[in-house]
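Trainee: What follows is each chain in one-letter form.
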Amino acid sequence: MTVAVRPGLRRARRRTARAALLFISPWIIGFGVFTLWPVLYSGYLSLTDYDVINDPRYVGFDNYAQLFSDPKVALALGNTLFYTVLQVPISVFVALVLAVLLDHAGRASGVFRTLVFLPKMTPPVAIGVLFLLLFNGSNGLINGVLGVVGLDGPAWTTDPAWVKPGLILMSLWTVGASVIVLLAALRGVPEDVREAARLDGANGLQVAVRVTVPLISPALLFVLIINTIAAVQTFDEVYTAFFGSGNSTYGNDAALFYVIYLFQQAFEFLHMGYASALAWLLFVIIMAITAVQFALARRFVYYEGDRA
Amino acid sequence: MSITTRGRRRVGRMVIVIVLGLVSVVFLYPFIWLVSASFKPRGDVFDNALIPRTFTWDNYVAVWQEAPMALWLANTVLVTALAATTVTLSSALVAWGFSYYRFRGRGLLFAFVLGSMMLPGAVTMIPTFLIWNSVGAVGTLVPLWAGNLFGSAFYIFLLRQFFLGVPRDYFDAARIDGAGHLGLFWRIALPLCKPALVVTFLFEAQAAWTDLMRGLIYLRDSSTFTIPRGLKSLVDAYGFGGEWHWEIIVTASVITTVPMIVLFFLGQRHFVSGISASGLKG
Chain V
19 MTVAVRPGLR RARRRTARAA LLFISPWIIG FGVFTLWPVL YSGYLSLTDY
69 DVINDPRYVG FDNYAQLFSD PKVALALGNT LFYTVLQVPI SVFVALVLAV
119 LLDHAGRASG VFRTLVFLPK MTPPVAIGVL FLLLFNGSNG LINGVLGVVG
169 LDGPAWTTDP AWVKPGLILM SLWTVGASVI VLLAALRGVP EDVREAARLD
219 GANGLQVAVR VTVPLISPAL LFVLIINTIA AVQTFDEVYT AFFGSGNSTY
269 GNDAALFYVI YLFQQAFEFL HMGYASALAW LLFVIIMAIT AVQFALARRF
319 VYYEGDRA
Chain F
8 MSITTRGRRR VGRMVIVIVL GLVSVVFLYP FIWLVSASFK PRGDVFDNAL
58 IPRTFTWDNY VAVWQEAPMA LWLANTVLVT ALAATTVTLS SALVAWGFSY
108 YRFRGRGLLF AFVLGSMMLP GAVTMIPTFL IWNSVGAVGT LVPLWAGNLF
158 GSAFYIFLLR QFFLGVPRDY FDAARIDGAG HLGLFWRIAL PLCKPALVVT
208 FLFEAQAAWT DLMRGLIYLR DSSTFTIPRG LKSLVDAYGF GGEWHWEIIV
258 TASVITTVPM IVLFFLGQRH FVSGISASGL KG
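Respectively, the protein sequence lines represent chains V and F.
According to the working numbering, the residues represented by the first sequence are 19 to 326, in order.
According to the working numbering, the residues represented by the second sequence are 8 to 289, in order.
Bound-form chain V, shown alone (with noise of 0.2 Å):
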């Protein structure tokens, strides 16, 4: 954009920035209060033992020393991966599967996208409820249905080695958002391409797994990525099931997600420095995780335009 020369012209630009900036002055104010000065402070506080009524007192490095040595922290760790690792492929899995029937649903699709989508309405706490009652070894409606078909299905909200499976398969019943997000990617494949590889012979699967995918690549890698990162942080759910002041009348370690430990520290031990270095930890290990993802997506994703 040119703008004639003409005299005035410094001070009619001066004029636009500062009504520009008045605009956007909301957001500078709650940069500056919300998000940087806490980035620094909870640097600051890393190095710290504090609990709220006392000073900070500095300790160095020693937060950071007692996460490699604080035996939760790994179990924390070791389940949250657990989880992430299983949870995020299956959910993005089924999520492309459901988008790809209601894209050939013809006129049902819309009731069918409506009925999938409406589960993500539910409040996590509700969801957190409906994971004890569903998911209840001795009278679940799930140990119900399996038990139709002639299967004995474990303990999942009490057994150890079946908690984690459990609030997966809990967590498929909210992936209406991400069918979303694929749905639209796919209503945006122009036909006449999918059209063309039947005519060269491709079959329905290959046209689906050859042109399509590749296709609406962009759309799974922001799942993939959106997903991630909620999944490293899940809290709401697990910590209304198995945490909190009346619960813990059975071993909840395997449901010691990493957010969950993080605000046990912070928030009922106000070990403030320990959880800010914990919080730290969190930060370097999703930038790590979206980082390799960008770089497979750079050889996976197609971005239409791009060199092929």
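Hint data in this document are derived by calculation from the structure and do not stem from the laboratory.
Be careful, since some hints might not be right.
Claimed, not checked - Result set (SDA-like, lysine to any residue): computed pairs, CA atoms no more than 20 Å apart in a straight line:
1) V:Lys90 with V:Asp177
2) V:Lys138 with V:Ile243
3) V:Lys138 with F:Trp40
4) V:Lys138 with F:Ile39
5) F:Lys201 with F:Phe164
6) V:Lys138 with F:Ser280
7) V:Lys138 with V:Ile244
8) V:Lys138 with V:Trp191
9) V:Lys138 with F:Ile268
10) F:Lys201 with F:Leu191
11) V:Lys90 with V:Leu299
12) V:Lys138 with F:Ser283
13) V:Lys138 with F:Leu35
14) V:Lys182 with V:Leu99
15) V:Lys138 with F:Gly281
16) F:Lys201 with F:His277
17) V:Lys138 with F:Ile262
18) V:Lys138 with F:Val30
19) V:Lys138 with F:Ala214
20) V:Lys138 with F:Phe208
Chain V is fixed; fit chain F onto it per the hints.
Mentor: Just chain F now, with coordinates in the frame of chain V:
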């Protein structure tokens, strides 16, 4: 050949519709189970019967007596309304500043907006708590919404995309007609971007209504609880660790969830288009 192909495709579509029908039943069943259980007497909650053998309203009465449900609902409505209204207005102001005006440093500033989305909430959670603590707001509902006065990166991004899509001629014409900076924003830009504003409002309303973590961090007294925080306290008091009154928990879960179902059906079109857009532009 083309006839058999078409015939095969019709059969294929029928199979797909049947499969999706079964999938939909699986997706709907937990809702039906929950609502049905809320009308069963205590001993029948786990019977997995689709229709209650004995139908009773007692659980709803009991929840109302056992817990300050009306207060929790009122608190949540207040927080949700304030959170959604403030974030929509503030994010729109900021998005407008980033889309209509050209000034030095705009690209850099906007990069910070996008970059702040990558920061996990856990990093800022503790200092943010200390801020609210230092102004004496812990224990009140203020920390649950007041941060929204400053806009939110994701919505700023979403609304900016929308503002950029409006032809500049609209604004130039209004400028010639004498509209000021605020008039341009309020009377031209906002009305043109109503769908994006509705998406922002609905997304944030859902986020505010269902938020548990902030309720756990900031709310201490039962009278200040939002409904998810209240439901969590009922799980603690009446669940496995407590008195085993699952009918209370089930009924409170229904009460917590139903407003979100209503919200979805009120704004269904906007939810779907908003989520689709977030993926396509992301």
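Trainee: Next step is simple, just say for each hint if it's right about the structure.
Mentor: Do the hints match the structure? See the list:
For the given pair, V:Lys90 sits about 19 Å from V:Asp177 by alpha-carbon distance, which is consistent with the 20 Å threshold. Of the supplied pair hints, the one linking V:Lys138 and V:Ile243 holds, its CA atoms being roughly 18 Å apart against a limit of 20 Å. The straight-line distance between the Cα atoms of V:Lys138 and F:Trp40 is roughly 17 Å, inside the 20 Å bound, and the hint therefore holds. A distance of roughly 15 Å separates the Cα atoms of V:Lys138 and F:Ile39; the hinted pair therefore holds under the 20 Å criterion.
Only pairs whose Cα atoms come within 20 Å are accepted, and F:Lys201 paired with F:Phe164 is accepted, the gap being roughly 15 Å. Restraint check for V:Lys138 and F:Ser280: the C-alpha separation of about 15 Å stays at or below 20 Å, so the hint holds. For the given pair, V:Lys138 sits about 15 Å from V:Ile244 by alpha-carbon distance, which is consistent with the 20 Å threshold. The straight-line distance between the Cα atoms of V:Lys138 and V:Trp191 is roughly 8 Å, inside the 20 Å bound, and the hint therefore holds.
Between V:Lys138 and F:Ile268, the direct Cα distance comes to roughly 10 Å. Compliance with the 20 Å bound is thereby established for this hinted pair. A distance of roughly 15 Å separates the Cα atoms of F:Lys201 and F:Leu191; the hinted pair therefore holds under the 20 Å criterion. A hinted pair counts as satisfied when its Cα atoms are at most 20 Å apart, and V:Lys90 with V:Leu299 qualifies at roughly 14 Å. Proximity of V:Lys138 to F:Ser283 is assessed by CA-CA distance (about 15 Å); at most 20 Å being required, the pair is judged to hold.
Distance hint between V:Lys138 and F:Leu35 is fulfilled; the C-alpha atoms sit about 11 Å from each other, no more than 20 Å. Using a Cα cut-off of 20 Å, the hinted pair V:Lys182 and V:Leu99 holds, with the two alpha carbons roughly 11 Å apart. Pair hint V:Lys138 plus F:Gly281 holds up; C-alpha atoms about 14 Å apart against a cutoff of 20 Å. Under the criterion of a C-alpha separation no larger than 20 Å, the hint pairing F:Lys201 with F:His277 is consistent with the structure, at around 11 Å.
Between the alpha carbons of V:Lys138 and F:Ile262 the distance comes to roughly 16 Å, so the proposed pair stays at or under 20 Å and holds. Of the pairs offered as hints, the one joining V:Lys138 and F:Val30 holds, with about 15 Å between alpha carbons and a cut-off of 20 Å not exceeded. Note on V:Lys138 and F:Ala214: the hinted pairing holds, with a Cα-Cα distance of about 11 Å set against a maximum of 20 Å. Straight-line distance between C-alpha atoms of V:Lys138 and F:Phe208 comes to about 17 Å, which keeps the hinted pair within the 20 Å bound.
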